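In order, the protein sequences belong to chains X and Z.
Each residue of the first sequence is one higher than the last, beginning at 14 in the working numbering.
Each residue of the second sequence is one higher than the last, beginning at 359 in the working numbering.
Certain hints may be false.
What the hints assert, rightly or not - To spell it out: a stretch of chain X is covered by chain Z in this simulated footprint if at least three of its residues, at any positions, have a beta carbon under 8 Å from a beta carbon of chain Z; those stretches are:
(1) 212-221
(2) 231-244
(3) 354-366
(4) 409-415
(5) 432-446
(6) 671-685
These are calculated hints, taken from the structure and not from any lab test.
If you're wondering where the values come from, they're calculated on a predicted model, not measured in any experiment.
In this text, a Cβ means the ideal position worked out from N, Cα and C, and glycines have one as well.
The lines below spell out each chain.
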Amino acid sequence: MTIQIRNTDIGRRGFMIGAAGFTFAVAARLPFEPAEAAGKDVALSPWVTISTDDTVAIMSPAAEMGQGSLTSLPLILAEELDADWSKVRIVVAPPNDELYKNPAFGYMYTAGSNAVTAYFKDLRRFGAQVRKVLLANAAKHWNVPVEELTTEPNVVIHEKSGRRLSYGEIAAFAEVPARAPEVAESELKKTNQFRLIGKDVMRVELPQKVNGTAQYSIDVHVPGMLYGAILRSPVEGGGPDKVDDAKAKSIAGVMRIVPLPYGVGVIAETPWAAFDAKEALKVTWTRTGKAWGFNSEKALVDFAAAARDISRPAKLWAKEGDAPAALQTAAMVVEGEYRNDLVYHAQMEPLNAVASVSPAGDACELWCGVQSKTIAVTVAASALKIAPDKITYHDMLMGGGFGRRGHRDEEYVHDAVVLSNVVKKPVKVMWTREDDVRNGRFNPLSVHYLRAGFDASGKLIAYHHRKATDEVTAFQDPVRFGRQNGRDIIAFVGIDAAYYAVPNRLAEAVPQDSGLRTSSLRGISHLTNIFAIESFMDELARKRGVDPATFRRELVKTNPRALNIIDRVAHMADWGKKRDGSALGFTYMNYSGTQIALIAEVTVDRGSGVVRVPKVWTALDPGVAVQPDNVVAQTESSIVYGLGFALWERITIDDGAVQESNFYDYHVPRLNEVPEMFIEVIATDNHPTGVGQMATPLVAPAIANAVAELTGVRLRETPMSPERVKKALG
Amino acid sequence: MAFDFKVNGKAAHSDAPPHTPLLWVIREELKLTGTKFGCGTGLCGACMVHIDGKRAFSCQTQVSQVAGKAVTTIEGLSADSSHPVQKAWLAERVPQCGYCQSGQIMSAADLLAHNPKPNRAQIIEHMSTNICRCGSYQRIVRAVERAAKEA
Chain X
14 MTIQIRNTDI GRRGFMIGAA GFTFAVAARL PFEPAEAAGK DVALSPWVTI STDDTVAIMS
74 PAAEMGQGSL TSLPLILAEE LDADWSKVRI VVAPPNDELY KNPAFGYMYT AGSNAVTAYF
134 KDLRRFGAQV RKVLLANAAK HWNVPVEELT TEPNVVIHEK SGRRLSYGEI AAFAEVPARA
194 PEVAESELKK TNQFRLIGKD VMRVELPQKV NGTAQYSIDV HVPGMLYGAI LRSPVEGGGP
254 DKVDDAKAKS IAGVMRIVPL PYGVGVIAET PWAAFDAKEA LKVTWTRTGK AWGFNSEKAL
314 VDFAAAARDI SRPAKLWAKE GDAPAALQTA AMVVEGEYRN DLVYHAQMEP LNAVASVSPA
374 GDACELWCGV QSKTIAVTVA ASALKIAPDK ITYHDMLMGG GFGRRGHRDE EYVHDAVVLS
434 NVVKKPVKVM WTREDDVRNG RFNPLSVHYL RAGFDASGKL IAYHHRKATD EVTAFQDPVR
494 FGRQNGRDII AFVGIDAAYY AVPNRLAEAV PQDSGLRTSS LRGISHLTNI FAIESFMDEL
554 ARKRGVDPAT FRRELVKTNP RALNIIDRVA HMADWGKKRD GSALGFTYMN YSGTQIALIA
614 EVTVDRGSGV VRVPKVWTAL DPGVAVQPDN VVAQTESSIV YGLGFALWER ITIDDGAVQE
674 SNFYDYHVPR LNEVPEMFIE VIATDNHPTG VGQMATPLVA PAIANAVAEL TGVRLRETPM
734 SPERVKKALG
Chain Z
359 MAFDFKVNGK AAHSDAPPHT PLLWVIREEL KLTGTKFGCG TGLCGACMVH IDGKRAFSCQ
419 TQVSQVAGKA VTTIEGLSAD SSHPVQKAWL AERVPQCGYC QSGQIMSAAD LLAHNPKPNR
479 AQIIEHMSTN ICRCGSYQRI VRAVERAAKE A
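Work out the full structure: start from the sequences and follow the hints.
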């Protein structure tokens, strides 16, 4: 099992299923030394090449940021191909939307925990098609009916005569049809026939992640490479007004100071010279842009007013029945308000990229870690006003993504391209951690106002949710925002809690326009929505005097998968058993089809306001679990991320500028703060759904619900910092 | 000024200014990129190396401070990923994005070098110096326990 990064050798071959004559315009290379196949290769499809030495090369179309798609996507194809995994080489797919697009987005973009979900069907079909081609070739070779043939990993077998041909042997004489064979659903493997899916193969790049050889863009060295740093305007939309660069220029090794519309760039011979010069720049900024004067604490008050005042304009998100009318006639109405501060991604690798613009400015090599490689190519090509095929793209691992690297402008890639273009030499532009925080693009502030109505019999008959927040997609990806006709999925999806049965439902987006840089972040809109919704459900259950788990059960009673995981997690945590000095909080959600329920145990120190979370239990049903242990790992990861959001993580803005700067004033969870986690993956035969972030949104409401159980006090604002908890407890 | 020291058993030399963080000398001059830049302030541990056998934040160590000393980076921990901590890290499938893991492994190797049989509380205390944003913490504890057992 090796990773092959260079696929230029694949490009020279002439025939592939469904793409006759296609050659790769852009060579994708990753910084792994490929184990070249020893034999002659036959490209059987744009996805699969089989070598006469029996090596099977499979394209991997998604970006790898720690979630495991580099391995899990080719694994799905290998399953239906019946490939011998030890002979598989994973090849990172080059930037080519037509061939390798994420079917859910229409371009190569890894986000939303949907890679396996979106590619699953196609990858199985591609694998099955190649297997059929191999079978047809073997049948012809032996002159036997194809129906008499079967496969074992990398081998076609004719049981009657006892003959066997390896895939590599077939590659030596294989003829590839111009059109891919049809594959009926019934021809695909049943889940109980899987040899690879559900068996936990080693993630392909993991060995390189324990010995320092895994390559991220920050690790790239190119002969003659220079170093770049950029001082950006502290406020979005601002630019340099007066620049005093005398001191910066005097630093040894500093070569160029580059004024940019949004900041000032430095190019130097060494990274330390670049960083020192950036610090030495004295810049005053134009007060252009909307966010000057913005204060995040004050804004929350304004957002709350907009959310609570139901006469204020809103965009209709979802409607069922007539919730306002039902609230009028309800026997009992309950309302709740929940607030969320800005949150920073804090991926461990500060943003960076390496670009090398040719002396004539007519071509560019690019090394970067991005959630969309075709966007990176477009960004570079547009910046240089050259054709995309003049960009040679090198795919790099990402030291974390969490949504930060999926913006339409990929500004840190742009940074490297523009600075390289100034000197026509390779430039590595690195952001410091302080740059990464201050130039952050954040999960936006939000205030949620919810109302619910019960009829006289105690049945929930109305649900109304108004969320006031910035429209994230408008900033993050104006192209997508346009395509969605202004419907901002990143900011609002899920506010309707459509999986809970309520006859009258109204969900309203109350868009704000603060001018801040905003972004999707792990958990996306659900991160804040679910804090509101699951806290509110807990309040409703308590008002009704119904057990919170039972209350959810009632609302999902037609969904057996939901009931199963609710019951499972309750069993795991011994829900209902009173604790001494601690208490449990219950949550559930249907996250894009993944059923997940989570219980947190908390203790509260009333004197200091410190909330501790000794244990968390989670059960989830993601359908088919392609890599079950990785599902567990992703869930652990999701819980830790959610813990930071719940208890500590907070960006504050004053006069439009970020006030925090590094891990001393932006607290992310450490080992001594994380709970013991008990996770059960309940794999079912359903189409696989996401696993990369599903627990994240549940952690904060589970903690808040547990605190309510323990103290009787409802916490309504994230992060639930000691100061806030102390204040709430009185 | 020029500074001579050892890195992974071999002689190393830098002409960088004395205050230059060792991190950048290791990464950009010596091109040993397994040691990572995470925060530049000694808060995350991605830059962890061993200096004369003890863990140290290479971002907080000036190149002038290592003159005459022996530095070990992840590349020098073993030639073939055979250090018990590296083996345990793979066995427990600790890494996700992997960016912090060189530093985590160097911290864990330092712990076991000085305390071969740490208890759980000691592991948690020692390893809380390093941040993993992917939250691989539960596996880190398991891997250190495994390495201690199998070493």
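- So which of those numbered hints doesn't the model satisfy? none
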